[in-house]
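Visitor: Here is how the chains run, residue by residue.
2 protein chains.
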Amino acid sequence: MKHVGLMLGGPEDLWPDQLVSDIDAPITDWVGVDRGSLRLLQQDVVPVMAIGDYDSMVPAERHRVEHAVKDMRYSVPEKDDTDSELALQAAFEDLRADEVSIFGATGGRLDHLLVNLWLMAEPRFKEYAPHVAIVDRQNLIRFFLPPAQLVFPRTEYKYVGFVNLTPVTDFTIRNAKYPLAPFASDYPVSWASNEFLGDQPIQITFSKGIIAAIYSKD
Amino acid sequence: MKHVGLMLGGPEDLWPDQLVSDIDAPITDWVGVDRGSLRLLQQDVVPVMAIGDYDSMVPAERHRVEHAVKDMRYSVPEKDDTDSELALQAAFEDLRADEVSIFGATGGRLDHLLVNLWLMAEPRFKEYAPHVAIVDRQNLIRFFLPPAQLVFPRTEYKYVGFVNLTPVTDFTIRNAKYPLAPFASDYPVSWASNEFLGDQPIQITFSKGIIAAIYSKD
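Chains as they are written, first to last, in my numbering: chain Z, 1 to 218; chain H, 1 to 218.
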């Protein structure tokens with residue numbers, strides 16, 4: 001299985017302790033997004049690809065990345081696609097990833113966080129949504145498509161919150177501490193702080209939209 | 001002018017250096033939300049109201065809050081309203097706030113962050129949206145309603161990102177480094193990293209939806 005890790009430029013203190021993913025398979029290829037490439041090299045990880053405009057790096061840092069990474073891609077800030085969009089697309093299309101885990105996507109600037117969170121709401125990425133995780137030290141985000149899904153408990157996380165990234169209809173939550181009767185909304189809602197009932201999976205159903213499950217711990 | 005500060009329970013290291021708001025008026029009343037009440041007391045600020053289930057506090061902490069705060073409100077976790085929803089409503093309806101600035105709303109658990117960010121997308125809070133700010137050490141969020149608004153530069157922040165919290169139609173950005181031609185979307189998009197042109201305000205227009213402007217700095 002090809003499991004690609006994307007390292008973005010978010011604050012380092014929010015990374016998980018170890019750069020492992022929740023997906024139960026080792027990361028086989030890393031992609032560095034802008035300053036994330038340098039961070040990977042600093043951890044002795046050589047990304048197979050780097051994407052960015054690299055304008056936050058001093059020349060020596062940039063040279064180090066250019067020397068180490070074979071597949072360097074240069075983005076243009078004026079273009080519509082952000083670096084994280086380009087990286088996600090390259091991971092699935094060029095690297096043929098089966099699964100992608102995204103690190104360094106949270107903290108710091110909230111406009112960046114929302115770019116990353118909302119990637120999966122874009123129609124062009126929808127088919128990939130079930131194969132993407134966003135990971136930081138306190139949170140793990142997975143994405144779900146209609147009509148029905150099982151959300152499995154993970155021992156490291158006490159809470160699970162559900163959010164509709166897009167308008168949602170007939171959304172129900174069953175087999176959870178706080179069940180939800182069928183719900184429809186044109187605007188986003190964050191049903192925070194739900195909990196699993198022992199080791200049973202939570203059942204969610206919905207007829208349109210995309211739901212993110214945010215596992216978290218205090 | 002009555003300017004209410006809400007102190008939520010997010011990680012302290014993301015608070016701004018000083019508990020002042022971007023709104024150019026001193027905070028006249030504080031409301032502590034759950035653990036936020038204790039934090040205010042630790043800074044010698046006595047909130048006029050505290051809201052929460054307080055279950056994250058040890059008894060001594062809870063007694064300290066109950067002793068100091070006259071208007072104690074006890075929320076029930078099973079209820080639909082979150083503590084931050086209750087606090088926002090109380091600030092405008094019971095305390096008759098003209099403006100509300102929210103601190104401690106970011107970082108930590110992402111399901112909590114999204115509850116706070118998406119408060120303003122709720123129809124019942126819409127009328128208050130232009131009078132609310134979310135503040136942390138790197139970000140300041142303001143909310144805008146149709147049809148047209150001026151977004152003014154703030155010297156402390158280099159960047160401004162625009163996000164549609166709800167479906168948006170005819171959204172345009174003018175007089176900015178990256179203008180946006182009329183855009184419509186049913187799903188959320190984060191136009192990150194825009195910049196002001198000198199001290200001119202950015203002009204945004206849209207015919208429905210709610211837009212958040214996220215001012216940020218590196």
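Keep in mind that a hint or two might mislead.
FRET-style restraints, in silico, Cβ to Cβ [claimed, not checked]:
1) H:ARG96 <-> Z:GLU156: 26 to 34 Å
2) H:ASP80 <-> Z:ARG64: 47 to 55 Å
3) H:THR205 <-> Z:ASP186: 53 to 61 Å
4) H:VAL46 <-> Z:PRO182: 27 to 35 Å
Below, simulated SDA-like cross-link-like pairs (lysine to any residue); rule was C-alpha separation at most 25 Å, straight line [claimed, not checked]:
5) H:LYS158 <-> Z:LYS158
6) Z:LYS158 <-> Z:ARG137
7) Z:LYS208 <-> Z:ARG137
8) H:LYS208 <-> Z:SER75
9) Z:LYS126 <-> Z:PHE144
10) H:LYS217 <-> Z:LYS177
11) H:LYS158 <-> H:GLU127
12) Z:LYS177 <-> H:PRO179
13) H:LYS217 <-> Z:GLU93
14) Z:LYS177 <-> H:ARG73
15) H:LYS177 <-> Z:ASP186
16) H:LYS217 <-> Z:LYS126
17) Z:LYS208 <-> Z:TYR74
Think of the hints as simulated: they come from the structure by calculation, not from any bench.
Keep in mind the model is a prediction, meaning the values are calculated, not measured.
By construction, the Cβ of each residue, glycine as well, lies at the ideal position given by its N, Cα and C atoms.
Visitor: Are the hints correct? Go through all of them and say.
Guide: The hints, checked one at a time:
Evaluation of the 26 to 34 Å hint for H:ARG96 and Z:GLU156 yields a failure: the beta carbon distance comes to about 44 Å. Range check, H:ASP80 to Z:ARG64: about 52 Å between beta-carbon atoms, so the 47 to 55 Å window is met. Our hint of 53 to 61 Å for H:THR205 and Z:ASP186 is violated, since their Cβ atoms are close to 21 Å apart. The hinted window of 27 to 35 Å between H:VAL46 and Z:PRO182 is violated, with their beta carbons roughly 44 Å apart.
Using a Cα cut-off of 25 Å, the hinted pair H:LYS158 and Z:LYS158 is violated, with the two alpha carbons roughly 38 Å apart. In summary, the hint linking Z:LYS158 to Z:ARG137 is supported, as the alpha carbons are separated by about 14 Å, within the 25 Å threshold. Our distance criterion of 25 Å between C-alpha atoms is broken by Z:LYS208 and Z:ARG137, whose separation comes to about 31 Å. This hinted pair does not check out: H:LYS208 and Z:SER75 have alpha carbons roughly 32 Å apart, beyond 25 Å.
Distance check on the hinted pair: Z:LYS126 and Z:PHE144 sit about 10 Å apart at the alpha-carbon level, within 25 Å; holds. Pair hint H:LYS217 plus Z:LYS177 does not hold up; C-alpha atoms about 39 Å apart against a cutoff of 25 Å. Restraint check for H:LYS158 and H:GLU127: the C-alpha separation of about 29 Å exceeds 25 Å, so the hint is violated. Pair hint Z:LYS177 plus H:PRO179 does not hold up; C-alpha atoms about 46 Å apart against a cutoff of 25 Å.
Of the supplied pair hints, the one linking H:LYS217 and Z:GLU93 is violated, its CA atoms being roughly 33 Å apart against a limit of 25 Å. For the hint linking Z:LYS177 to H:ARG73, the alpha-carbon distance of about 24 Å falls within 25 Å, and the restraint holds. Distance hint between H:LYS177 and Z:ASP186 is unfulfilled; the C-alpha atoms sit about 31 Å from each other, more than 25 Å. Between the alpha carbons of H:LYS217 and Z:LYS126 the distance comes to roughly 31 Å, so the proposed pair goes past 25 Å and is violated.
Among the hinted pairs, Z:LYS208 with Z:TYR74 is inconsistent with the structure: their alpha-carbon atoms are about 36 Å apart, more than 25 Å.
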